[in-house]
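A.B. asks: Each chain, written out:
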Amino acid sequence: NAGVTQTPKFQVLKTGQSMTLQCAQDMNHEYMSWYRQDPGMGLRLIHYSVGAGITDQGEVPNGYNVSRSTTEDFPLRLLSAAPSQTSVYFCASRLLGQGGRYGYTFGSGTRLTVV
Amino acid sequence: EDQVTQSPEALRLQEGESSSLNCSYTVSGLRGLFWYRQDPGKGPEFLFTLYSAGEEKEKERLKATLTKKESFLHITAPKPEDSATYLCAVQTSGGSNYKLTFGKGTLLTVNP
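Which chain is which? The protein sequence lines are F and Z, in order.
Numbered by our numbering, the letters in the first sequence go through residues 1 to 115 in order.
Numbered by our numbering, the letters in the second sequence go through residues 116 to 227 in order.
Just so you know, these hints were derived from the structure itself, not from any lab.
Note that beta-carbon positions come from the ideal geometry of N, C-alpha and C, so glycine has one too.
A couple of the hints might just be wrong.
Simulated coverage check for chain Z against chain F, where a stretch passes if three residues somewhere in it have a Cβ under 8 Å from a Cβ of chain F [what the hints assert, rightly or not]:
id, segment
1, 140 to 150
2, 156 to 162
3, 215 to 224
Derived pair list, reagent style BS3-like, types lysine-lysine, alpha-carbon separation capped at 27 Å [unchecked claim]:
id, chain 1, residue 1, chain 2, residue 2
4, Z, K174, F, K9
5, F, K14, Z, K184
6, Z, K219, Z, K178
7, Z, K157, Z, K183
8, Z, K184, Z, K214
9, F, K9, Z, K214
10, Z, K157, Z, K214
11, Z, K219, F, K9
12, Z, K174, Z, K184
Using the sequences and the accompanying hints, generate a full structural model.
C.D. replies: This is the structure in structure tokens:
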């Protein structure tokens, strides 16, 4: 049981480049989400999905796109990378209907640097 | 706007020296309060979910409690392997996005 798998672990981009951060889970969780973690700030929600074909914006969505074609995968796309998007990105998933009693399962993160 | 404040920002303990971490929150309808542990370079690891004032949960040397305004994570006789950043997060009843609002965390260092 792999849990939540994120790839790549590290990435350096030039300003203006695009890329996709991958997230996959094998726990049949309906809910998947992307957070970013910056020094001195709490984790902040970027986008989330409550099931295949359903996505919505979180707190800091600008500059990011998501799609959810399967239950397992929830990729995050950076359209035109900016230095302000330098951060550590975490994917998190959970079962719905359980009241969160099992928490949200986080991946190990992708450390992105935009130069 | 939902707010979560954790204190202290950093805490250094000697092995065996018990203490508590604080998480105070201002939210419009609490659905759940979550505690996570985060080791350097890794993702947050789930510890507890608390739902209502008076609730307590325990796991090894950790005990989490909840009041109407704050939560405490009590660490009894800590060991060096308890060193980590402890994160508190709340999920509120407003909206349907299952969003977690996180505090900035408390960095705990336990010296042998």
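A.B. asks: Which numbered conditions among the earlier hints are violated in the structure presented, ordered from lowest to highest?
C.D. replies: Structure breaks hints 4, 5 and 7.
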